[in-house]
Amino acid sequence: MLTPGEIYSNLDALAASPPEGGEFGLALMEAVGAPRATITKLRETAKDGAFTWARMLRFEATAPGGAEIALARIREESETSPKSRRPRILLAFDGESIAAFDTKIADEPLRVGLDMLSLEGDIFFPLGGHERYVPAKEKLADVRATRFISRFHDAVRDVNPTWSTEADRHALNIFMARVLFCLFSDDVGIFEKDVFEKAVRQSTKVDGSDLADFLERAFQHMNTRPEDRPSETKGWSKLQYVNGSLFEEAVPMPTLDGRCRKLLLDCAKLNWKLINPDIFGSMLQAVVDVEKRGELGMHYTSPANIMKVLGPILLDELEADLERAGKNKVKLRDFLQRLSRIRIFDPACGSGNFLILAYKEMRSLEIKALRQLAEARMSGIQLEQFCGIEIDDFACEAARLGLWIAKYQCDQQLELDLGQRTDFLPLQKAGVIKRGNAAAVDWLDICTPQTGMETVVVGNPQFKGSKTQSKLQRNDMKSVFANRVKNAGDLDYVAIWFFKAAEYTRKTGAPFALVSTNSIVQGASVPILWPHLLEGLEIKFAHRSFKWSNLAKSNATVTCVIVGMGIPDNKSKRLFDGDIVRDVDLIGPYLAPNVKTIVTGRTRAKGPIAKCLETMMFGNMALDGRNEKCLRMSRKERDEILGEYPNADKFLRPIFGSEELMDGKDIWCIWVRADQVDEANAIEPLKNRFEDLLRVRTSHDAGDDMQKASATPWAFREQNEANSHTIIVPGATSEDRYWLPVDVKEKESIVSNLAFGIFDGEIWQAAILSSRIHRLWLETVGGKLENRVRYSNTLVWNTFPLPPLSDRRKAELEEHWWEIDLARKEAGFGRSLAELYNLKNIPRALRLAHEELDATIETIFGSRRYRSDADRIEHMLQLYERIVVEEASANGSKAKKKATA
DNA sequence: GATCCGACAGTGC
DNA sequence: GCACTGTCGGATC
Numbered sequence: 001m002l003t004p005g006e007i008y009s010n011l012d013a014l015a016a017s018p019p020e021g022g023e024f025g026l027a028l029m030e031a032v033g034a035p036r037a038t039i040t041k042l043r044e045t046a047k048d049g050a051f052t053w054a055r056m057l058r059f060e061a062t063a064p065g066g067a068e069i070a071l072a073r074i075r076e077e078s079e080t081s082p083k084s085r086r087p088r089i090l091l092a093f094d095g096e097s098i099a100a101f102d103t104k105i106a107d108e109p110l111r112v113g114l115d116m117l118s119l120e121g122d123i124f125f126p127l128g129g130h131e132r133y134v135p136a137k138e139k140l141a142d143v144r145a146t147r148f149i150s151r152f153h154d155a156v157r158d159v160n161p162t163w164s165t166e167a168d169r170h171a172l173n174i175f176m177a178r179v180l181f182c183l184f185s186d187d188v189g190i191f192e193k194d195v196f197e198k199a200v201r202q203s204t205k206v207d208g209s210d211l212a213d214f215l216e217r218a219f220q221h222m223n224t225r226p227e228d229r230p231s232e233t234k235g236w237s238k239l240q241y242v243n244g245s246l247f248e249e250a251v252p253m254p255t256l257d258g259r260c261r262k263l264l265l266d267c268a269k270l271n272w273k274l275i276n277p278d279i280f281g282s283m284l285q286a287v288v289d290v291e292k293r294g295e296l297g298m299h300y301t302s303p304a305n306i307m308k309v310l311g312p313i314l315l316d317e318l319e320a321d322l323e324r325a326g327k328n329k330v331k332l333r334d335f336l337q338r339l340s341r342i343r344i345f346d347p348a349c350g351s352g353n354f355l356i357l358a359y360k361e362m363r364s365l366e367i368k369a370l371r372q373l374a375e376a377r378m379s380g381i382q383l384e385q386f387c388g389i390e391i392d393d394f395a396c397e398a399a400r401l402g403l404w405i406a407k408y409q410c411d412q413q414l415e416l417d418l419g420q421r422t423d424f425l426p427l428q429k430a431g432v433i434k435r436g437n438a439a440a441v442d443w444l445d446i447c448t449p450q451t452g453m454e455t456v457v458v459g460n461p462q463f464k465g466s467k468t469q470s471k472l473q474r475n476d477m478k479s480v481f482a483n484r485v486k487n488a489g490d491l492d493y494v495a496i497w498f499f500k501a502a503e504y505t506r507k508t509g510a511p512f513a514l515v516s517t518n519s520i521v522q523g524a525s526v527p528i529l530w531p532h533l534l535e536g537l538e539i540k541f542a543h544r545s546f547k548w549s550n551l552a553k554s555n556a557t558v559t560c561v562i563v564g565m566g567i568p569d570n571k572s573k574r575l576f577d578g579d580i581v582r583d584v585d586l587i588g589p590y591l592a593p594n595v596k597t598i599v600t601g602r603t604r605a606k607g608p609i610a611k612c613l614e615t616m617m618f619g620n621m622a623l624d625g626r627n628e629k630c631l632r633m634s635r636k637e638r639d640e641i642l643g644e645y646p647n648a649d650k651f652l653r654p655i656f657g658s659e660e661l662m663d664g665k666d667i668w669c670i671w672v673r674a675d676q677v678d679e680a681n682a683i684e685p686l687k688n689r690f691e692d693l694l695r696v697r698t699s700h701d702a703g704d705d706m707q708k709a710s711a712t713p714w715a716f717r718e719q720n721e722a723n724s725h726t727i728i729v730p731g732a733t734s735e736d737r738y739w740l741p742v743d744v745k746e747k748e749s750i751v752s753n754l755a756f757g758i759f760d761g762e763i764w765q766a767a768i769l770s771s772r773i774h775r776l777w778l779e780t781v782g783g784k785l786e787n788r789v790r791y792s793n794t795l796v797w798n799t800f801p802l803p804p805l806s807d808r809r810k811a812e813l814e815e816h817w818w819e820i821d822l823a824r825k826e827a828g829f830g831r832s833l834a835e836l837y838n839l840k841n842i843p844r845a846l847r848l849a850h851e852e853l854d855a856t857i858e859t860i861f862g863s864r865r866y867r868s869d870a871d872r873i874e875h876m877l878q879l880y881e882r883i884v885v886e887e888a889s890a891n892g893s894k895a896k897k898k899a900t901a
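Numbering (UniProt numbering), first residue to last: 1 to 901.
Take the hints with a grain of salt, since some may be wrong.
Claimed, not checked - In silico BS3-like cross-links for lysine-lysine, where the CA-CA straight-line distance does not exceed 30 Å: (1) 606 / 650; (2) 507 / 464; (3) 308 / 507; (4) 198 / 262.
Calculated from the structure, these hints are not laboratory results. Bear in mind that the values here come from a model prediction, so they are computed numbers and not experimental data.
Based on the provided sequences and hints, a complete structural model is requested.
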């Protein structure tokens with residue numbers, strides 16, 4: 001498959017020397033990367049310059065000027081033919097221009113001259129195996145504009161191959177921002193209509209040799225007050241004084257050529273009025289980042305998601321204020337006053353979409369208030385109230401530009417609604433977008449508290465898991481957390497923003513609300529980070545886990561939460577869970593209502609908490625390079641080995657990870673103890689596998705463990721096994737199951753690193769694991785894989801506040817386990833746990849066995865009757881907390897005794 | 001020495 | 001193309 005870049009340049013070449021007739025269609029197929037065999041075949045069948053590639057392309061060549069009519073005819077033919085036989089792309093070519101239609105997307109048919117072929121070429125991507133990225137209608141203009149701008153940007157880069165330093169890149173970014181501003185101003189009426197385009201077209205040579213010089217002087221002109229201008233400003237005399245820092249900075253101009261000029265004029269043909277600044281900025285970032293080009297704007301934060309942050313932290317309250325004000329003039333004036341004193345601070349602002357959306361929403365509230373007052377006056381909301389930190393230079397430019405564009409559009413709206421005119425030029429104030437590393441700079445320096453102003457901190461910082469961070473990110477983590485937060489190396493990168501926002505809030509009172517990966521409120525992160533965050537602060541509102549939606553094709557990328565915090569008060573807190581909204585007294589760090597307990601992992605069971613629970617171990621890791629067949633094999637492979645070497649039997653054992661446990665996957669492994677190595681090596685297929693494993697482990701580039709394990713190429717990294725039986729617990733498993741499915745396996749069974757095992761454990765513990773209440777505990781205090789529950793010996797098992805049990809109780813529980821086991825078996829062999837525990841068709845007997853177990857377990861936790869699962873969890877956490885407090889005071893008195901002794 | 005995680009990853013309808 | 005559900009190995013304590 002060709003890359004988009006390759007396709008564009010192929011199309012450029014094709015447009016430069018187009019073949020005639022049917023050959024054009026074939027050449028176009030080749031340019032986008034259609035299969036060669038297909039092209040060859042079609043060449044034979046093409047007739048009168050027309051051919052059909054089944055279900056993919058109908059092509060016709062016509063006389064000059066006939067493309068559009070031909071396409072209309074082809075479309076009609078296509079629509080009357082059976083659906084299954086319709087080609088996806090319809091295309092007519094008349095030697096000068098093309099007309100094309102994508103039947104799947106069915107937007108406007110494309111009609112362009114050959115010179116625009118590559119700019120619009122994405123319509124042909126499906127022929128080369130790329131699915132077309134289809135923006136929603138309201139984003140079409142932004143995507144198109146971004147595509148055009150990208151081509152211009154690339155052309156400029158092509159003629160400036162030596163521009164590689166950071167200063168050069170900065171100069172190029174500024175240049176692009178200025179050009180964009182001119183293109184936009186040309187169309188929306190900031191400039192006289194098309195004055196910039198005309199000036200470029202009329203005052204520069206076609207070969208582009210004087211374009212750079214022209215633009216440099218035009219930019220200078222726009223930065224010069226009318227009274228200071230020299231008299232002989234010809235070509236650009238109609239260009240206005242812009243100022244506002246956009247044209248201020250003196251940066252070198254890139255060299256430009258004829259191709260740049262052509263592409264710039266192509267850009268000028270677009271309708272820039274339709275640009276939506278809160279999307280456009282994110283898309284623009286793809287302009288400079290060629291890597292991201294394929295996913296043009298796919299990862300921008302959607303306005304809907306941004307509103308999930310801005311609403312509860314600020315806008316909902318403002319709206320309520322406005323409503324309360326009604327027609328009361330004093331209150332309305334107060335409201336307007338307040339609007340002019342709110343600062344929005346986004347310490348991870350990117351191209352500014354949070355700031356831009358906040359600005360637009362505030363302006364819209366202002367207009368509503370002015371309408372109530374029946375007063376027309378200029379906006380009191382200044383761009384200076386919008387403040388951001390961003391590390392990427394171009395994103396900074398995009399954010400400033402986006403804010404200006406937003407301001408212009410809001411000013412227009414104000415004029416339309418209330419007849420209040422605002423002079424847009426010269427630009428007065430800019431958004432306060434500071435370039436820098438938010439992890440390193442002092443936020444108080446960037447958004448300094450001012451009396452009379454209220455500040456709200458918002459944003460969607462980067463996420464990066466603790467194990468996958470870059471060196472730079474690790475350094476950032478160190479610089480922020482060293483000597484302040486223990487175990488911070490286990491936190492996600494996003495934790496930096498939470499930590500610094502909490503500090504900022506403590507110092508300024510400004511509330512904050514941030515988007516985060518949901519792991520920040522789960523499992524291991526909670527005891528590391530949250531004690532610090534909650535110091536002097538509380539959660540004001542939160543969105544529990546929701547799937548992030550963006551424009552990417554496969555939408556399943558990340559599951560997020562939003563957390564808003566501030567100085568404590570006695571107002572109720574708002575907890576969002578999907579469509580459900582609840583007002584509660586308190587939101588805890590697990591985003592559970594009314595529970596603020598934090599559960600810290602413990603490395604041992606049998607402690608003061610899980611008093612009578614035995615040790616649960618992490619499984620064994622094959623460390624064989626994923627798909628290599630070294631220590632692991634299918635049953636078939638195992639049978640083949642056994643067929644020839646029956647004495648291999650003692651070394652071949654079934655292995656269980658989550659999949660094997662849940663789906664009944666029949667996987668075997670080689671399990672050799674240190675004293676058996678020679679014996680195992682005597683068996684040819686085992687020996688071969690050990691050699692393969694040695695290769696895998698030694699050739700693996702990084703990773704201490706891989707290298708270390710090269711010394712024992714017959715062994716798993718861990719050596720944990722049972723003497724009689726093992727209780728096996730899946731490591732990660734679907735959240736859709738009401739009970740956690742665990743199992744008891746015979747002593748031969750090996751537990752892989754994707755499961756946990758209680759080796760030779762007392763069976764009644766399988767009943768504990770199978771109980772609803774333990775499943776709830778797991779869901780609350782354990783980590784998650786997106787929304788799936790994830791088991792952990794330290795976080796879930798060793799912390800479970802199970803009261804001490806009598807032998808009679810244990811026997812009773814064991815009895816329950818065997819009931820469950822029996823019910824599973826009676827449901828039929830060959831039915832996997834995944835199947836059995838699907839709530840829709842869980843066998844009645846199995847359900848009953850679990851319910852009976854649950855009834856017994858509840859009596860263990862006391863005589864009270866639980867009203868709900870939330871009630872159960874609340875009780876569990878109370879129990880947990882009580883034990884921890886007792887433990888602490890016991891330790892305290894012990895320490896005292898020690899000190900006095 | 002023992003994990004807990006993934007702006008995920010792979011499968012199967 | 002979407003719904004469903006868990007791999008694998010290492011950086012970090």
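Exercise. Which of the numbered hints are not met once you compare them with the structure shown?
Worked result: Result: hint 1 breaks, nothing else.
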